[in-house]
Amino acid sequence: MPAFPKQTIVTETGGQAYREAAGLLRSARKAMALTGAGISVGSGIPDFRSPGGLWSVFSPEEYATIEVFRRHPAKAWELFRALGKVLVGKRANAAHRALAELERHGWLQAVVTQNIDNLHQQAGSSRVFEIHGDHQHLHCLQCDAIVPLLPDHLDATDIPCCAICGFPLKPNVVLFGEAVRDLDAIHDCLADCDLLLVIGTSAQVYPAAALPALVRQRGGRILEFNREPSLGEVAGRGDFLFQGDVLHTLPVLADACGLG
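Each step along the sequence shown adds one to the number in numbering that gives the first Met the number 0, with nothing skipped, and position 66 is 65.
None of these hints come from the bench; they were simulated from the model.
Possibly wrong hints are sitting among the right ones.
Per label pair, the in silico range of CB-to-CB distance [what the hints assert, rightly or not]:
no., residue 1, residue 2, range
1, H186, S125, 19 to 27 Å
2, A178, I158, 22 to 30 Å
3, D254, R48, 25 to 33 Å
4, R70, K29, 37 to 45 Å
5, Q141, I8, 47 to 55 Å
Just so we're clear, the structure is a prediction, and the values are computed from it rather than from any experiment.
Just so you know, even glycine gets a beta-carbon here, dropped at the ideal spot from N, CA and C.
Whenever a hint applies, use it, and build me the whole structure from the sequences.
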């Protein structure tokens with residue numbers, strides 16, 4: 000295992016550490032971000048895995064597998080309607096906007112997100128890999144049609160069916176037992192990534208959790224933005240851990256890059 004630099008833990012929102020991180024970002028050949036549920040908590044979307052989150056009400060094994068959808072689509076739709084009503088109307092927050100600003104200035108090339116809420120795109124990020132799909136569309140497993148999600152789909156009690164073949168429509172999100180989206184394209188994009196921002200993720204859900212290690216193995220640097228450290232010895236801890244609310248830490252990084 001390669002020797003990784005000693006991690007700098009930053010708990011103050013400002014100072015030399017942010018200036019050093021900004022220097023790394025501005026000088027990187029290709030910087031990318033990996034985001035998880037923590038970046039959207041400030042938009043009013045709770046972490047599904049936290050106490051009181053969606054998984055404490057709807058067991059993933061009972062509601063969120065592809066087998067459940069194929070056998071009992073109505074049951075899977077109970078979960079999706081609850082999920083959809085949480086996500087509808089939510090707005091991008093300061094952390095999403097900070098990443099979009101970094102992209103606009105050429106310092107961030109892509110975002111890989113585990114979220115399905117479309118808030119990165121809403122904030123203005125243009126290259127977003129949604130590894131777990133998106134909540135704004137429905138997908139027909141029979142004929143592969145993709146259609147927009149409409150308010151009526153969340154308010155109705157019946158199962159929406161494909162207008163082309165009549166098959167039950169599935170939310171365009173990755174259920175347990177399905178392959179994640181865009182993994183080959185993500186690996187291609189990561190091949191020359193020399194700086195990865197790890198933001199608001201526990202880094203426990205694979206394959207997304209493996210991405211920091213890929214960057215490390217190729218000699219890349221890692222900046223982590225989390226309330227608590229999430230990266231272990233496999234990836235090597237981040238060069239910097241900016242500990243706190245990403246609503247504050249990411250805008251401070253953007254300011255340190257000269258965007259304030």
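Against the structure, the hints come out as follows:
1. Roughly 20 Å separates the CB atoms of H186 and S125, a value that falls within the hinted 19 to 27 Å.
2. With their beta carbons about 23 Å apart, A178 and I158 fall inside the hinted range of 22 to 30 Å.
3. Distance hint for D254 and R48: a CB-CB separation of about 31 Å, consistent with the stated range 25 to 33 Å.
4. Restraint check, R70 to K29: a C-beta distance of roughly 44 Å satisfies the suggested window 37 to 45 Å.
5. The hinted range of 47 to 55 Å is satisfied by Q141 and I8, whose Cβ atoms lie roughly 51 Å apart.
In the structure shown, no violation is registered for any of the earlier numbered hints.
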